[in-house]
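**Student:** Using the sequences and the hints given, assemble the complete structure.
Protein chains: 2
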Amino acid sequence: MKATIYDIAREAGVSIATVSQVINGKGKISEERRSEIMQIIERLNYQPSVIAAALTGKKTYTLGLLVPDISNPFFAEIARAVEDQGHQLGYSVMICSTDNKDERVERYLSLLQQKSVDGIIIGTGIENKEMLKPLLERDIPIALIAREMPSLDVNTVVVDDFIGGALAARHLTGLGHARLAVLAEEARVSSSRERVRGFMQTLEEAGLNREDVIVRHCDYVVEDGKRKALELLSTSGRPTAIFCCNDLLAIGALQAAKELELRVPEDLSVIGFDDTILASVTDPPLTTVAQPIGSMGNKVVDLLVQELKKEADFKQRVVLRPELVVRRSAAEPPSGS
Amino acid sequence: MKATIYDIAREAGVSIATVSQVINGKGKISEERRSEIMQIIERLNYQPSVIAAALTGKKTYTLGLLVPDISNPFFAEIARAVEDQGHQLGYSVMICSTDNKDERVERYLSLLQQKSVDGIIIGTGIENKEMLKPLLERDIPIALIAREMPSLDVNTVVVDDFIGGALAARHLTGLGHARLAVLAEEARVSSSRERVRGFMQTLEEAGLNREDVIVRHCDYVVEDGKRKALELLSTSGRPTAIFCCNDLLAIGALQAAKELELRVPEDLSVIGFDDTILASVTDPPLTTVAQPIGSMGNKVVDLLVQELKKEADFKQRVVLRPELVVRRSAAEPPSGS
DNA sequence: TTGAAAGCGCTACCAG
DNA sequence: CTGGTAGCGCTTTCAA
Numbered sequence: 001m002k003a004t005i006y007d008i009a010r011e012a013g014v015s016i017a018t019v020s021q022v023i024n025g026k027g028k029i030s031e032e033r034r035s036e037i038m039q040i041i042e043r044l045n046y047q048p049s050v051i052a053a054a055l056t057g058k059k060t061y062t063l064g065l066l067v068p069d070i071s072n073p074f075f076a077e078i079a080r081a082v083e084d085q086g087h088q089l090g091y092s093v094m095i096c097s098t099d100n101k102d103e104r105v106e107r108y109l110s111l112l113q114q115k116s117v118d119g120i121i122i123g124t125g126i127e128n129k130e131m132l133k134p135l136l137e138r139d140i141p142i143a144l145i146a147r148e149m150p151s152l153d154v155n156t157v158v159v160d161d162f163i164g165g166a167l168a169a170r171h172l173t174g175l176g177h178a179r180l181a182v183l184a185e186e187a188r189v190s191s192s193r194e195r196v197r198g199f200m201q202t203l204e205e206a207g208l209n210r211e212d213v214i215v216r217h218c219d220y221v222v223e224d225g226k227r228k229a230l231e232l233l234s235t236s237g238r239p240t241a242i243f244c245c246n247d248l249l250a251i252g253a254l255q256a257a258k259e260l261e262l263r264v265p266e267d268l269s270v271i272g273f274d275d276t277i278l279a280s281v282t283d284p285p286l287t288t289v290a291q292p293i294g295s296m297g298n299k300v301v302d303l304l305v306q307e308l309k310k311e312a313d314f315k316q317r318v319v320l321r322p323e324l325v326v327r328r329s330a331a332e333p334p335s336g337s
Numbered sequence: 001m002k003a004t005i006y007d008i009a010r011e012a013g014v015s016i017a018t019v020s021q022v023i024n025g026k027g028k029i030s031e032e033r034r035s036e037i038m039q040i041i042e043r044l045n046y047q048p049s050v051i052a053a054a055l056t057g058k059k060t061y062t063l064g065l066l067v068p069d070i071s072n073p074f075f076a077e078i079a080r081a082v083e084d085q086g087h088q089l090g091y092s093v094m095i096c097s098t099d100n101k102d103e104r105v106e107r108y109l110s111l112l113q114q115k116s117v118d119g120i121i122i123g124t125g126i127e128n129k130e131m132l133k134p135l136l137e138r139d140i141p142i143a144l145i146a147r148e149m150p151s152l153d154v155n156t157v158v159v160d161d162f163i164g165g166a167l168a169a170r171h172l173t174g175l176g177h178a179r180l181a182v183l184a185e186e187a188r189v190s191s192s193r194e195r196v197r198g199f200m201q202t203l204e205e206a207g208l209n210r211e212d213v214i215v216r217h218c219d220y221v222v223e224d225g226k227r228k229a230l231e232l233l234s235t236s237g238r239p240t241a242i243f244c245c246n247d248l249l250a251i252g253a254l255q256a257a258k259e260l261e262l263r264v265p266e267d268l269s270v271i272g273f274d275d276t277i278l279a280s281v282t283d284p285p286l287t288t289v290a291q292p293i294g295s296m297g298n299k300v301v302d303l304l305v306q307e308l309k310k311e312a313d314f315k316q317r318v319v320l321r322p323e324l325v326v327r328r329s330a331a332e333p334p335s336g337s
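Protein chains in written order, with the UniProt record's numbering: chain R, 1 to 337; chain G, 1 to 337.
Derived from the structure by calculation, the hints contain no laboratory data. Keep in mind that the hints are not guaranteed to be accurate.
Which copy is meant is left open, because identical chains are indistinguishable; a pair holds if it fits in one copy or across any two.
[Said to hold, decoys possible] No farther apart than 30 angstroms at their CA atoms in a straight line, the calculated lysine-lysine pairs in the DSSO-like style are these:
no.: 1; residue 1: K101; residue 2: K2
no.: 2; residue 1: K258; residue 2: K58
no.: 3; residue 1: K258; residue 2: K133
no.: 4; residue 1: K310; residue 2: K2
no.: 5; residue 1: K2; residue 2: K133
no.: 6; residue 1: K2; residue 2: K129
no.: 7; residue 1: K315; residue 2: K58
**Tutor:** See below:
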């Protein structure tokens, strides 16, 4: 069986209190006792039970991470960043893929509470914000990544989506495009809305008419991007460029172009968002607005841990700057346009 | 503060023993008491502490999942499958990205023990198998996914790599290729070795000479695949087809071809392995040997949970069949060859 | 510098 | 059918 603190104490001929102290480096223990006990711990390969410690009021050193789908490269990359920084600070992370379904969110939130996680990072949409109330009341810190919930006073890390949209617009207008379209996510996704807003506003500033740009809302999957792009591109006076609110949709657009035998970027320019590994793998490689995923992941963990250690007395909303990664899916519009 | 079993008991005017029984559906409790207590639980939104329950000998309902890198699409998909099946059976999963480093493996294994996980799923390479001994001794079940460790008697779920390699070879020879090359993973990865072996043997059966096929070993990243492919393709009498032991390497090969202005599949055929989302996104889409990731994930969890519930009295090694997914990166060799 | 003992929240056994 | 109670492994006073 597993060794317990009692085994160590017995072996060392001391009380468990003493053993506890050397493990936690507390109290005053003579150097010889300490090293003697440490040796025994080594020898018996004793692993203190976090469970038992947690029960006495200490933490579980476990964080919950809610994302729509861990198999989606964007969230997988977030997970990795969160895992790394968590690990760095001594925390493990539990994955919870919600499929953007409130019922799954609820189930997971309940589970995470029962398991006494120290904090929860949310990177998934939640319709019914009420679900989070109990957590806050119970003093379980929550932090948001790549999501906003203005109604809640919680630490938040996001990219400046408005600027991201603007970056895309500026690039496209700079290239000379005038007939534009956008593939957005569902209307209730605020980040997507902001991207579109930034995109639109920048177009107007460039003298284009926002009524002329067609916006289509899509599900967060390649297929839907392709379908909607196909529609867009089949119209007369089709756009010469499409701004897509995430890489998956951009890939759909790429596939649509291919199916219609439009060359990218000669006949059609495509810009994505996120800069996941997918963007580097398509043909042509995707010009896309990069989110600094690694920094975002690190930052949420920092904020969350700071909060649960009560080292911070106010919540922050940190906004990181996106960056345009120019690859090869966007170029000047065809000259005939 | 969080409600405890005592709060419920007090509120209901019963003992905590009774409350415990209704929560766990044990013992005989009168229907009225039961429903009355349930109501109070509802009302106070009581969440029983898994931590405390675990301390009394029950399980933590948590599994550890070790993979090289959760941000790698292949492992992200495995993680999703494991998460889903785990969730189904009442277990949460903790992610552990090892980067294939034994020191990280060790650190994580120790952490998982301290957190008293009920079982551990391993999908990462481990140099020093000794590290697993303590777990087995402590009766912490381990199951392997997409990995083999013949020296250990543990439940294992793998795809038949030999057949996978054979599938690729058959497809290529069927198409008429005779000058072949392979991009393998590092030599110590047994699954990769098997794939190559299956590939080679099938080639021989088709009358080709195994000495003629060049094998290059690569790190598990696109860049290295590209580099090695570039080397292969720069030789005179370059291969007309490359079999890659995973999709990432295949993408590298695609990029190399592009850089050398070789058309795929007209000038060069490429076959990958895994069928991750990446394979569907490249241009041309990758013909690849598919691992049934979803089934594999489900199956390991089933086996592991069965074991930790002591419902099974022997270990299994289940071998799933891979399948060739024909997309468009492989075709007949150029006629001049 | 060390140890005894009270609890953390819950389960399980035994009595009634 | 219900309640009392002894732990589970550990932390943390408080005394010694």
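**Student:** Now, for every hint given, state plainly whether the structure supports it.
**Tutor:** Hint check:
For a Cα distance limit of 30 angstroms, the shortest separation of K101 from K2 across copies, 26 angstroms, qualifies, whereas the shortest one inside one copy, 40 angstroms, does not. For the identical chains of this complex, K258 and K58 are neighbours neither inside a copy (57 angstroms) nor across copies (56 angstroms), given an alpha-carbon limit of 30 angstroms. Taking identical chains as interchangeable, the C-alpha atoms of K258 and K133 are never at most 30 angstroms apart, the minima being 48 angstroms within one chain and 54 angstroms between chains. With identical chains, the CA atoms of K310 and K2 are at most 30 angstroms apart between copies only, with a shortest distance of 18 angstroms across copies and 34 angstroms within one.
Proximity of K2 and K133 under a CA criterion of 30 angstroms is satisfied inter-copy only: 13 angstroms between copies versus 39 angstroms inside one chain copy. Taking identical chains as interchangeable, the C-alpha atoms of K2 and K129 lie at most 30 angstroms apart only when they sit on different chains, with a minimum of 20 angstroms there against 43 angstroms within one chain. Only within a single protomer do K315 and K58 lie at most 30 angstroms apart by alpha-carbon distance; the minimum there is 23 angstroms, versus 38 angstroms between protomers.
Hints 2 and 3, counting from the list given before, are not met by this structure.
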